[in-house]
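Protein sequence lines correspond, in order, to chains A and B. Residue numbering for the first sequence follows the numbering used here, beginning at 137 and increasing consecutively. Residue numbering for the second sequence follows the numbering used here, beginning at 443 and increasing consecutively.
Incorrect hints may appear among the rest.
Only pairs whose alpha carbons sit at most 27 angstroms apart, straight line, appear in this in silico BS3-like list of lysine-lysine [to be verified]:
no. : chain 1 : residue 1 : chain 2 : residue 2
1   : B       : K813      : A       : K289
2   : B       : K810      : B       : K852
3   : A       : K263      : B       : K885
4   : A       : K289      : B       : K885
5   : B       : K852      : A       : K260
Label pairs and their computed distance ranges (CB to CB) [said to hold, decoys possible]:
no. : chain 1 : residue 1 : chain 2 : residue 2 : range
6   : A       : A211      : B       : K514      : 42 to 50 angstroms
7   : B       : E845      : A       : M329      : 55 to 63 angstroms
8   : B       : A892      : A       : S285      : 29 to 37 angstroms
9   : A       : N176      : B       : R841      : 53 to 61 angstroms
10  : A       : S285      : B       : D830      : 32 to 40 angstroms
11  : B       : V639      : A       : P273      : 52 to 60 angstroms
12  : B       : N808      : A       : L256      : 54 to 62 angstroms
13  : A       : E282      : B       : V465      : 17 to 25 angstroms
Some chain B residues near chain A, calculated using beta-carbon distances under 8 angstroms [what the hints assert, rightly or not]:
no. : residue
14  : T784
15  : S863
16  : I875
17  : F879
I should point out that these hints are in silico values taken from the structure, not numbers from a laboratory. All residues carry an ideal CB built from backbone N, CA and C; glycine is no exception.
Here is how the chains run, residue by residue.
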Amino acid sequence: MARPVLDIRGFRVGIEGREIVKGLDLTVRGGEVHAIMGPNGTGKSTFASALMGHPAYEVLSGTVTLDGRDVLEMAVDERARAGLFLAMQYPAEISGVSNANFLRTALNARREENDPVPVLKFHKELKEKMAGLSIDPTFAERYVNEGFSGGEKKRNEILQMAVLQPRIAILDEIDSGLDIDAVKVVAQGVNDMLSENFGVLIITHYQRILNYIHPTNVHVMMQGRIVRSSGPELAEQLEARGYDWLRQELGIEEPLPQEA
Amino acid sequence: MSKPEITGVEEYQYGFHDKDISVFNTGKGLRREVVEEISRMKGEPDWMREFRLRSLEIFQQKPMPNWGGSLKSLNFDDITYYVRPSDQKGRTWEDVPSEIKDTFEKLGIPEAERKFVAGVSAQYDSEVVYHNLRKDLEDMGIVFLDTDSALREYPDLFREYFGTIVPPEDNKFAALNSAVWSGGSFIYVPKGVEAKVPLQAYFRINASQMGQFERTLIIVDEEAMVHYVEGCTAPIYSESSLHSAVVEIVVKKGGRCRYTTIQNWAPNVFNLVTKRAVAHERATMEWIDGNIGSQLTMKYPSVYMVGEGAHAHVLSIAVAGKGQHQDAGAKAMHLAPNTTSTIISKSISRAGGRTTYRGLVHFGENVKGSKAKVNCDTLIFDDGSKADTIPVNEVLDNRVTMEHEATVSKVSDEQLFYLKSRGLTEEEATRMIVMGFIEPFTKELPMEYAVEMNRLIKLEMVGSVG
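Take the sequences, apply the hints, and build the full model.
Next comes the structure, spelled out in structure tokens:
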């Protein structure tokens, strides 16, 4: 299969009449790791959710294509089956549904109805992937995210990504609330998947996770726009100096944060 | 009288009916002669005929209940109270008339019997047409008969308990059943005997505007155990049918009884059932009650805990779709010290359907150390659907513990978005949330029933989205 390409042009997103993402251009290809950094309240998470098609957000204008196909025309589940994946900042809890059952259903949603994934094969692979992420085997039979700690939820997102094998993954604040060991585990899970057939967009507030997942491209988002794009050295600059120097350099007056 | 609306037809898969091959019926309406005729045909002893006639009087005197669901479209004059489908009862399926046998084949009953139950009773309209109990259970002294045969074969045991737990005076529909009852199951499990495999009964209404009034009596002797499972379906006609059963259960000292129902009546059946158990010292009674079908169900399985340390467990789900009202619940009567009860009710309302949880927890005098826990969870799909919770607590002794929790939830957008973002369609996502919601129920069912239950819910959920 050809190398995946997610292409975003002039993307504007609003919620309840308020424009949050104000024209954003970005291309993510297989084999690339893009990091979008920025202070709180600049529209990073809105951007991620809108890409996946969250019903609360309204796309005002712009185009998004995955491998040349119009993503904005697709329903949420079609986007997922086309190869887009969003690791969420606050994953929902589904009571009464085991992780294993959920993942198997999600895998089968990508296959022909008369060709479901063989149950034993599925459980064997799930077990291996859980071991790779230092996840306790009992995890498979626990209800989806119910009673999970913050770290367990994040690891569960990465496990789902590993099982579902998307073409482009968006990781929204995957590092928030994790201790350093958990960050390493999560980063390892992402690194294990990196190839020409897989591209990643990491949305983060902190530079820390980028010590373990090395980005090819770093972007800074402020006030709903990407204001600077560069190589990995930009992340180190931000870590050392914060965002203020960049604001001053760009002449941006940052209002008080309103939205995460 | 107005014709009831036929609803949910497109989703109900058991709505077919066979041609009428019945050999006898009492005609429409309920008169003294009808009751006498039923009793005469069955060759019953005088005491039973007298019991029926007395019950008829009680039925006629009692007013219609003015609470619960609407009974306006139920007209007692339009109902046929007794339909005899066949003159014989089979012990092998070959003995059953082929039309009737085909119906039960379609419903998967002979297959279930071959695979995972120890005894099967199949009732078609008013009579049990097939009955069989596995030899090894028979050898353990377990009695599993249709109720009419039990009256003939075990007259003393029968008379000792029959009508003592649910007397005809209890309510109008118990009185009706007592007057015209026919069929049902009779089970006796001797002291210390454990039936490790479930016994199953299947109730099928075939005739139009028919009333099915089975009567079930289960006696679990000291330290004995049984699990009884029943299923129900009916064809869809333009006129309503009535199902009004009475179930009486006695669980003696240290005994255990589990009674599982998967009720999937057609959406034009009135399902008005009285189910009650008496639990003696250390006895356990469990009602596992699934209500998916019917136009209106009014059913409140009860446990009277009369012996110290008795335990009651009621786990129910109710699914109400278009035009359906499930008015269901439970009664836990704590009448001895250190008795415990748990009631878990799960209800789903969708497409304008209505569910009501109606429950009573009663603590009598001198019941020190007793505990009750009630948990009602409701899932509402859309704004036109409705769910009510009506819990009543009566406490005559303060040395008890009572917990009550109720939650109402909607299928949340965040849950749907999450599941869809992993590739599930809206329908698959909704189904998964519903399956998860009822999982505490399905996990209590024997595996084969859990599979069937999930399949039914899937069918029920088709078209519930959008």
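Does K289/A lie within 27 angstroms of K813/B when you go C-alpha to C-alpha? violated, 36 angstroms
If you check the beta carbons of S285/A and D830/B, does the distance land in 32 to 40 angstroms? This hint holds: roughly 37 angstroms between Cβ atoms.
I want to verify a distance hint. Is the separation of the beta carbons of E845/B and M329/A within 55 to 63 angstroms? violated, 47 angstroms
Can the hint on S863/B be confirmed by a CB-to-CB distance to chain A that is less than 8 angstroms? OK, holds: S863/B within 8 angstroms of chain A, min 5 angstroms.
Would you settle whether the hint for T784/B is holds or violated, based on the nearest Cβ-Cβ distance to chain A being less than 8 angstroms? violated, 18 angstroms
Does K852/B sit within 27 angstroms of K810/B, going by the straight-line distance between their CA atoms? Not OK: K810/B and K852/B at ~39 angstroms, beyond 27 angstroms, violated.
I want to verify a distance hint. Is the separation of the beta carbons of N176/A and R841/B within 53 to 61 angstroms? holds, 55 angstroms
For the pair supplied as a hint, K852/B and K260/A, is the alpha-carbon distance within the 27 angstroms limit? This hinted pair is violated, its Cα atoms lying about 35 angstroms apart.
For V639/B and P273/A, compare the CB-CB distance with the range 52 to 60 angstroms and indicate the outcome. Violated, since V639/B and P273/A (Cβ atoms, about 32 angstroms apart) do not stay within the stated range.
What's the verdict on K263/A and K885/B, does the C-alpha distance respect the 27 angstroms limit or exceed it? Measuring from Cα to Cα gives roughly 24 angstroms; hence the hint holds.
Range hint 17 to 25 angstroms: satisfied by the CB atoms of E282/A and V465/B? Given a distance of about 56 angstroms, which is not inside 17 to 25 angstroms, the answer is violated.
Restraint check, 8 angstroms cut-off on beta carbons, for F879/B near chain A: holds, 6 angstroms
Of the numbered hints given earlier, the model fails hints 1, 2, 5, 7, 11, 13, 14; all others are met.
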